[in-house]
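Trainee: Protein chains in written order, with this note's numbering: chain Y, 1 to 172; chain F, 1 to 443.
These aren't lab readings, by the way, just hints derived from the structure by calculation. Just so it is clear, CB atoms sit at the ideal spot from N, CA and C, and this is done for glycine as well. Warning: the hint list may mix true and false statements.
[Unchecked claim] Reference excerpt, derived from the structure (chain F facing chain Y, CB under 8 Å, subset only):
| hint | residue |
| --- | --- |
| 1 | Gln29 |
| 2 | Val31 |
| 3 | Tyr197 |
| 4 | His208 |
| 5 | Asp439 |
[As the list claims (entries may be wrong)] So these bits of chain F aren't anywhere near chain Y, every CB distance computed over 10 Å:
| hint | residue |
| --- | --- |
| 6 | Arg18 |
| 7 | Glu26 |
| 8 | Gly28 |
| 9 | Ala149 |
| 10 | Thr150 |
| 11 | Arg160 |
| 12 | Arg185 |
| 13 | Lys265 |
| 14 | Pro277 |
| 15 | Ala279 |
| 16 | Glu284 |
| 17 | Arg315 |
| 18 | Gly347 |
| 19 | Gly389 |
| 20 | Gly414 |
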Amino acid sequence: MQIQGHAWKYGDNINTDVIFPGKYTYTVTGRAEIARHALEDLDPTFVQKVQPGDLVVAGRNWGCGSSREQAASCLVYNGVGAVIAESFSRIFYRNALNHGLLAIACPAAAQAIQPGESVVIDLDRNLIQCAAGEFAYPPLSPSVMGIVQAGGLVAYVKRKLAAGWQDEKMTG
Amino acid sequence: MTEKIATPQTFAQKALARAAGLDRVEVGQVVDARPHVVLSHDNTAAIRQIWLEFGQPRVLIPDRIAITLDHAVPAPTTKHAQNHAEIRAFVAEQGIRNFWEVGRGICHQVLSEEAIVLPGQTILGSDSHTTHFGWLGAFGAGIGRSEVATLWATGELWLRVPETIHIVLEGDLPPGVTAKDFSLRIIGDLGADGGIYTAIEFSGSGMHALSLESRMVLPNMMAEMGAKNAYIAPDDKVFDYLATRQAKRAGQGASSADEQLVNRKSQIVNHALFPDPGATYAAEYHYQAAQLEPYIACPHSMDNVVPLSQVAGTRVQQAFLGTCTNGRLEDIAAAVAVMRGRQVATGTRFLVIPASSQVLSEAMRLGYIQTLVEAGAVIGVPGCGPCMGNHMGVPAPKEVTISSANRNFKGRMGTADAEIYLASPAVVAASAVKGVIADPREL
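Just chain F, same shape as in the assembly (with noise of 0.2 Å):
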């Protein structure tokens, strides 16, 4: 009798399989997934419109579904007004605990602070950037709306099992060189088409030596180069991450907190996933950190990539540091860095937003947001802001933004005849300072 040798299984694998309920999948195979969270934003009232087509009363089980209100908040018409109020009817008829409001931020922000998703956990969301869980080492990808009312109404979804790319980053990254450069560099060098249906696992010294926050990037921008999903293996500082913010949520108070934090987080590791030594990835691409350098995506897409060096002297109206890509608290701290004792160009509009009501806080805290608004710097209520074009920081015709966000299309920011650069935090900083894309370093 023939032993048959199990085979290596990826992240990617191991995580739908367990989705799914089985021992095993693979590549180009397609489960029936049962996420733990599913996410919907602003658009979870035209989402409710399909799956009032169920006919169910009831959605099936509450506690999975997570609604965040960031794409247009507050809102700035009536028509979002009314948006928002059918959601909120909507969660309160359904009993739907995991919702949050105007003004607490932008949804892969929040779930990732409020510790609703885990390690070794699968999130489906009607939002492209869903990707972003990868940070923690959950399996997180976007879907389209009727598949979130499908989740709604059934729990489960079909997912096709993609094949998997590994990305190495050795070193550490050089002063004024961080994970968006990093991010910019992949997406320029494979394009972005380059990761379509696949995996991404990151891994190499670099990816452990980088902040949590840092990694929050990576997972996130990959959804620009078509991947299905980003992982980054979890480590005792994202364990410790979750373990606090979940006793948190759940009102531990500090006495008898040792015990259960440790209980808690010990479960969090042994949910956790990880590939299989000699997986078999799709391809493999090593960075070296001292290698790396800071870019800028040029309009119109997210793969024209070029060194900073080579934009550098083009004049902005408009810089935004914002968003679920780069709107926490060390993004707001690099541009205040910058910002010390600085004044923005005349002609230019500095617009911070902070991607939560916690990174909020916590900059006002530190002295951050007073540093800002004295350099004068614009803030906003934490949310999407303009990355989209419905609000607050809409370009003029002809005017060119630099913005830490995630996407450049033609039109993305709600004027189709303006430019879009996008940069790290304090490239972008500079650049408000100068009225024109500068470097940081040179300041």
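Just chain Y, same shape as in the assembly (with noise of 0.2 Å):
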């Protein structure tokens, strides 16, 4: 399975008000609206041109911070493929994965991708391929990739629930 889409890059310290900022966090709901206000004050091309597939490529600190879950929702929403990053801040690495979004720490492949490149992101070998070479990422575990395969934390968990998984684990 792969991801691949062109890259939007960016830079250190890009806080989550900028992600989608505050003022609409009360007011705003609903996919279509909460997708039409992503990066809106640090690029206003993104949500014009962005593709589904398509990946956001950034510095240090990526999502810093309010912990608001909009940041990675909205990324979500425009039918971003992954985020990579040379590092996150810790919330919104949760947020990001936990509503299906792929977050991946890789300051090699981030540092190499150019703005507007095309990559690809190789899931099952857990490499990300660019012009300037191949990358490597620590893989995520099992459940985690399956929370993003799933959506989601919440609708992870349901499915297994409902398979019986609770079975397998231990009780006590």
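Need the complex rebuilt from these two chains, each delivered in its own frame; the hints are there to steer you.
Mentor: Here it is, written out as structure tokens:
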């Protein structure tokens, strides 16, 4: 399985106010509305030109600041396939994966990828492929990958429980 | 055949390997952790709403769940009261024994006093200051509400193994300089994002010279640097504290106590985890205690740190001593030493909110509460108080509060057009006396 798209490249310390403006936090609801305001104060061209499968590529500390979950979901609603960064703010990282958005911390890849270039993420081999070469990233555990593929934590857990997952696990 | 040389592991690596049932883990690896304790508080009812989506009639392991009511206690509104009522019903329905009512105190303080978390264990909580439990050598981290719901249903949650920053403190803190000042200095130096996604390990002669209550301050404050967890190696003082309180909770009588206490203690000791010598750290910072001084975090961020002298004389309308950071007996004692024979300044309120009922009780027994009340302080119900703006000391617009809490974001205490300075307990008390930010050493 793979993700393939063009890279939208940004810098360091991009905080969640800039990814999804705070003024919309309580007034903007619904997938389409939330999607429309993604990266509004950072890059107005993003929502106009982003294609499903595209990737956001960033420097250090992507997603710092507020823990608002729309910072992750607004990217999901625009069809972003994954975020590759040198580093993530912890809460954004968890929110992303728990909302089904693949977040990969891979400094070498994040630095090497050029704006707009075509990038492939090979999910089976945990490799990022771009013009500069192939970069390995630490594999997600099966359960986290399952979370991303299920579209988020709650959906994932519901599915697993319905399938009798609880019986396999320790109960004491 | 080449022999694999096992690389030394940090505490975070060891703790998460244990929680995941693995021999070893690497930095960056994601593991499925089964924490020993899952913590929530007044947000438990909201978490239950998410948990209900899973359609499970019962939580998986009730004895691993710990719930306190602390963020708005006693309930300030009908809505809060209804929230608490739902939590009580849930606790009763599920047979959750680790539940503490209104007035028992703040989650991190209560779970420490009750010896719920032990060295080498992992605790995850829907509270960002769950890092607190590093004081006793546990791995404590904050998570989201949907993640606590997941833990109730499944007992496990994914966690990424962080890299570790090593902070060393050499020597004893000078008089008037506290663990709070050391915390503020670190955050000021490294920045509010200086520890993002990292584990912090503290070491050095200065750390083990700290009282247990002082040790509690540091991992608590490291959450303000974005840290995932923070750790101090447990020592004999920690083991004795926990064994004694564990025995007390088990209702062990005095007669057969000694041998059982020794057994308890050795079990606790054996379960403790320590970083390997030669473990790899992402960065290392050394501090000489003698070079530290009292610091203040100025509005509106925790890394806006300056020496106390730079803001002394700033008018304050409210002084707040309390919270999981600095609401313990040692902190109250520091305030009492300042307040004895003095009065709170006219035009300034001094709120003192003990972090737990045990702290309050002991403070009463020692005469501290009497002294504070006679000095004009206002004593509050053990809980988080005005820290995040729910009640019990929300400031008016334009007012300035000097606080022993851990956060001073704009609007944090419930009013956007207000300012919060963070400081150590003695500085908070001295400022209450003077009506301006003041150095207790100069009173």
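Trainee: What hints, given by number in increasing order, does this structure fail?
Mentor: As far as the earlier hints go, 4, 5, 7, 8, 9, 10, 11 are violated by this structure, in ascending order.
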